[in-house]
Structures are given as structure tokens and as C-alpha cells.
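Asks: As a plain string of letters, each chain reads:
2 protein chains.
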Amino acid sequence: MLNKKIKSASIVVIGNEILTGRTQDKNINYIAKEFFKNGISLKYVCVIPDDKKTIVNEIKRLKKRFDFIITTGGIGPTHDDITAESISLALKKKYLLHKGAYKELVKYYKKIKSELTDARIKMAYMPQGSKLIKNTVSGAPGFNIENIFVFAGVPSIAEAMTKEFLKIIKVKNKFYSTSVITKLFESKIAHILEKAEGLYNDVSIGSYPIFDGKPRGVEIVISSMSNKPNALKVKKFITTEINKII
Amino acid sequence: MLNKKIKSASIVVIGNEILTGRTQDKNINYIAKEFFKNGISLKYVCVIPDDKKTIVNEIKRLKKRFDFIITTGGIGPTHDDITAESISLALKKKYLLHKGAYKELVKYYKKIKSELTDARIKMAYMPQGSKLIKNTVSGAPGFNIENIFVFAGVPSIAEAMTKEFLKIIKVKNKFYSTSVITKLFESKIAHILEKAEGLYNDVSIGSYPIFDGKPRGVEIVISSMSNKPNALKVKKFITTEINKII
Numbered sequence: 081m082l083n084k085k086i087k088s089a090s091i092v093v094i095g096n097e098i099l100t101g102r103t104q105d106k107n108i109n110y111i112a113k114e115f116f117k118n119g120i121s122l123k124y125v126c127v128i129p130d131d132k133k134t135i136v137n138e139i140k141r142l143k144k145r146f147d148f149i150i151t152t153g154g155i156g157p158t159h160d161d162i163t164a165e166s167i168s169l170a171l172k173k174k175y176l177l178h179k180g181a182y183k184e185l186v187k188y189y190k191k192i193k194s195e196l197t198d199a200r201i202k203m204a205y206m207p208q209g210s211k212l213i214k215n216t217v218s219g220a221p222g223f224n225i226e227n228i229f230v231f232a233g234v235p236s237i238a239e240a241m242t243k244e245f246l247k248i249i250k251v252k253n254k255f256y257s258t259s260v261i262t263k264l265f266e267s268k269i270a271h272i273l274e275k276a277e278g279l280y281n282d283v284s285i286g287s288y289p290i291f292d293g294k295p296r297g298v299e300i301v302i303s304s305m306s307n308k309p310n311a312l313k314v315k316k317f318i319t320t321e322i323n324k325i326i
Numbered sequence: 081m082l083n084k085k086i087k088s089a090s091i092v093v094i095g096n097e098i099l100t101g102r103t104q105d106k107n108i109n110y111i112a113k114e115f116f117k118n119g120i121s122l123k124y125v126c127v128i129p130d131d132k133k134t135i136v137n138e139i140k141r142l143k144k145r146f147d148f149i150i151t152t153g154g155i156g157p158t159h160d161d162i163t164a165e166s167i168s169l170a171l172k173k174k175y176l177l178h179k180g181a182y183k184e185l186v187k188y189y190k191k192i193k194s195e196l197t198d199a200r201i202k203m204a205y206m207p208q209g210s211k212l213i214k215n216t217v218s219g220a221p222g223f224n225i226e227n228i229f230v231f232a233g234v235p236s237i238a239e240a241m242t243k244e245f246l247k248i249i250k251v252k253n254k255f256y257s258t259s260v261i262t263k264l265f266e267s268k269i270a271h272i273l274e275k276a277e278g279l280y281n282d283v284s285i286g287s288y289p290i291f292d293g294k295p296r297g298v299e300i301v302i303s304s305m306s307n308k309p310n311a312l313k314v315k316k317f318i319t320t321e322i323n324k325i326i
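Protein sequences, first through last, are from chains A and B.
In case it helps, the numbering used here puts the first sequence at residues 81 to 326.
In case it helps, the numbering used here puts the second sequence at residues 81 to 326.
Check before you lean on any hint, since a few could be wrong.
A pair counts as met if it fits within one copy or between any two copies, since identical chains are not told apart.
Here are the simulated lysine to any residue pairs, SDA-like style, with alpha carbons at most 20 Å apart [said to hold, decoys possible]:
1) Lys324 with Cys126
2) Lys191 with Asp292
3) Lys123 with Leu142
4) Lys187 with Lys263
5) Lys106 with Tyr124
6) Lys87 with Glu97
7) Lys85 with Gln208
8) Lys247 with Ile325
9) Lys132 with Leu196
10) Lys133 with Asn281
11) Lys143 with Cys126
12) Lys190 with Thr320
13) Lys193 with Ile290
14) Lys123 with Lys140
15) Lys132 with Glu277
16) Lys263 with Leu169
17) Lys191 with Lys294
18) Lys190 with Pro295
19) Lys140 with Tyr124
20) Lys263 with Ser194
21) Lys211 with Glu165
22) Lys143 with Leu246
23) Lys275 with Asp198
24) Lys174 with Tyr188
To be clear, the hints were calculated from the coordinates, so they are not data collected in a lab.
Could you put the whole structure together from the sequences, leaning on the hints where they help?
Replies: Printed below as a string of C-alpha cells:
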């Protein structure tokens, strides 16, 4: 189904605050939308606690399975910010002060007239060989090592780092996506969608009930990562078949 | 760290619409909050596509690791609703029409004066031996088989099923959680939090920067699943130490 040129990605959200419900995650949705627009196929997301062993295991497990691994969260100055150290462990890299990152911190805290404490300097420690991901919002940069891209958890910073990531990897695919809205219920059109799904293996179809207490109809989304003409043929097929039963 | 009486849980969100960014998931946060209040420890969340093989693999992998597995999504009437069939496969159970579920559907579609089509009847198919999870919002029930609890993806229905789940499992633990807010930056109090973290192994501490363009301070959350007195001692320790440096 997937064009070989299409890169796959996974997001690892690191943070107890998501698992206790204290914080509603916003980064998954933002990154997912940006990836979709830019033709990167987000295949898997997980949310894990601030726990070194868990982070190490997930990074090891996922890095082999996807082209890109994005992590969010756990790169601040406090005791529960252990993402950089855990990734160093997972990749068997030394966990060291990155000179470029340190310079960024010096510059930022000078600008906001605040002290560069030891805890803040910790934010410049990362796996040996990391490249920085620019933080255009606050001082501490993210980093990239192998196929792993480490973003902050604060949404405004994660968004800025997503933009930087897209600049770095320069993916050129574009998804094509179109939709058909009908007042018919999902159950009435299920047989049409099933047939449509079988037409081309590079086109996928999703059906999303419009629901406000009662079902009000369906939005059918037809998308393709590589073949707009086939997506349009599928759209035409669905529209024609629906018109037959209205 | 965890009291043995505390049950662990994982959520498996099933749906391409989350991975393409079309839909912002709301169920993770709702379920996380309810679990936290009711003393269930949510340890892991994943978001996976509507793909049979992926669902089967994740269910097999996670069911051994946690007391409860919650799934959301993929139990509607259309071709991409494959959760029930995939779980049957994962557990090597027959995928059969559940008579009680069928009755619920007959009742509901009679009430809303709509036809019970074949596609809708599909919603009564589930792994052999499943117990129903009541759907107080629309007709089709969720189901429970072994330690797996299958909810709908529509948020109002997922919320109703979460309430039913809590009735079914009757967990009695209560988390205790309290917080301290300070205008000091995370970096200034990191050493205090590190010490506090070491005091009792049944108390956990999270620090959450208050951020609106610039850091404005920190909320420190102190919580325990089983030991309120220790959590209060840790709170007192943190407050005292912070007052020393203000």
C-alpha cells in the first residue's frame, strides 16, 4: 500500500502528566497534521512515564521499525527530565555537554536576564554526536541523534521544533486527500465503501460518523500518498454509488 | 514503588484519524483523569492504525503486561471497524454474534425508528465469551473479554463506557494528590525536588513549568497512590525548603 519513498514515523510522548490526566496532550495532533500535509506517514504513537527503563526499552524497540522517531517531553531542568540521558543509554552513546547547546543557553539566559544555574546547564547535556534542533521560542534546543529527534513537551516549543524538523529532513511527498459528505448513515453505505476500498491499493478510505447525540451522516475521506488520479477515481465511484441509493 | 493492590492499565487507541491528525483524541485524557481519581495506574498508551495485524500484535504484547487493557475505536458498522474481529484473532476466540448485543441493537434502532441493516448487525459480533459494556448513549455496546475492555471511539460514548467500566471492576484505591505553586524557576528548585523525590518511595513528585512565552514559575505536584501521610510530609519538606531560598 505504501510507496517506498514515503517515510514512516512514530511519536514517543514522555510524561507522567499525560498518563495521570493532568495535561491534555496537544503535540500528537499538531505533529500528526504537519506530517500528513508533508507526506510523512505517522504509524505509531505511544505515551510512556518519566521512567528511564521504559524510555530505553521503547526507543530500542521503535528505532528499528520506523524511519523517524520523535520524542516529546522530559528535556527541562528538573529531576524528572531524563529523556536525553535515557536516549544516551538506549543508543550506548556518552551523555555529554554539547558546546553548541551550552552557547545557546548562555545567550538565552543573558537575554532574559536570568541566571544559568547548574540545573539549566543540564539541558545542554545530550548523547555524544547529537545535532541541535533549534528552539526559536525559549533557549534550550532539542537534538537529533541517529533517526531520533528529541523535542520539548511545551506545545509552543514542540510546534517550533516540528517546523525545524521538516526543514532538516526536506521530505517532498504530498498527501492528497478529498472527502464526500452524505446524510446517509454509515451502515447504509458500508457496502459501497468496502467495494471502493478494493479498487486501488494506493488509496485509503476512512468513514467518520457525524454525531451529535444521534448519527447525522458520514464524512468519507479518500486519501492517497502517491496517486491523486486514483483517489479522484475512487471519489467518483463513491459519489455515483451513493446517488444511486438516495 | 507501587502498592501491589494498585491495578495497572494501558489504553490502545485504534484509528487512522488520530494518526493523520484529522481528529484530536479526547479519550486518553478523560480516561486518564478518571483512572487517576479512582486509583488505577495508567502506565502506557499507544495509538495504532485500523490494521488487523497491528491490532493483533499490540493486544498480544500488552495483555500480559497490564491488569487492564482499554481499547477505543473501531467498533462501528463500516469496513474499517475491525477491532472486535482483531481481538478475537489475538485471543484465538471465535468471532460470533452476541445475542444480548443483538437485542440491544434491535431495541435501539426501533427506538430511533431506523433500520437494523447488516452493517449495523456487525456491531453485535464479538469474541466468544464476551460480556457486554453498556452503551447508555447510543445502541451498540462495548465488550469485555479476559482483561480487555473495548470502548467506542466517539468521546461521549467512550466516557459513558469508562463509567460502566469503573462500576464493573469496583476499584477502591484513591490517589492522594496535592500541589505547591512557586514563582521560582524549575532550575532554582531542582535540588529540592531531587531530595524530596528520595524521601519515600511511595510518593511521586512532578514539576510543571507555568509558561506563557516565558517561564513564570512552577507547579509541583505531590501524589501517592497509597500513602497520604507521606505525601503530606513531602509537601511540608518542599514548602520549608522553598521558603529558605525565597
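Asks: Quick check: which numbered hints come out false for this structure?
Replies: 1, 4, 7, 8, 9, 12, 16, 24
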